[in-house]
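Asker: Build the full structure now, drawing on both the sequences and the hints.
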Amino acid sequence: MYPETAYEITTLTPQQPTGHPAMLPHEIPPGVQMVTLPGGVRTLAYTAQQAPPAPPVPVAQPIPAWAKTTALLAPTVGGGVAAAGIGLSYAAPGLIAMSQALWATVALIAAGAIAIPVLLRTARNSAGRSTTHITQNISATGMFGRANGTINHR
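Going by this note's numbering, the sequence shown opens with residue -7, and the numbers climb by one from there.
Bear in mind the hints are in silico, worked out from the structure with no lab data behind them.
Beta carbons: idealized from backbone N, C-alpha and C, even for Gly.
Each hint should be verified, as a subset may be incorrect.
Have a look at the derived ranges for each label pair, beta carbon to beta carbon [unchecked claim]:
#1 A76 - A115: 49 to 55 Å
#2 Q42 - G71: 28 to 34 Å
#3 V98 - I130: 43 to 49 Å
Answerer: Right under this line is the structure:
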């Protein structure tokens, strides 16, 4: 990862005057540590920093089957709706005429349901026959008494 280069490490021996006091731990800059050399001398040294781990490479996910189906059906459904709209726009005048004809037919049936019985009744009466009235008189005594009745033809 890093090229191996040999560096000579030099340290101050305790016999040499330093001219300034030793650094306090909070004064040590980042990336520098206090190390003990094989001879027992303690000194500051740069330490190799580990590279941050590389971010994971995103893996392509397969497209779900429902998404494919929906994507294939969307233009089909849209085309069908468009075709239906165009068809209705061409058929609108005919549909309006058919609905008016349907209402006219309903009105004719309703008028016929009222007019035909009236015409039949007037035709019977004009045939010269007299009408017969039948009346019934029924009477009974008590809750479970026998009923008696008369029928009159006039």
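Asker: Hint by hint, note whether the structure agrees.
Answerer: Okay, the hints, checked on the actual structure:
1. A76 - A115: 49 to 55 Å: With Cβ atoms ~52 Å apart, the hint holds.
2. Q42 - G71: 28 to 34 Å: violated (59 Å)
3. V98 - I130: 43 to 49 Å: holds (44 Å)
In summary, the structure is inconsistent with hint 2 from the numbered list given earlier, while agreeing with all the others.
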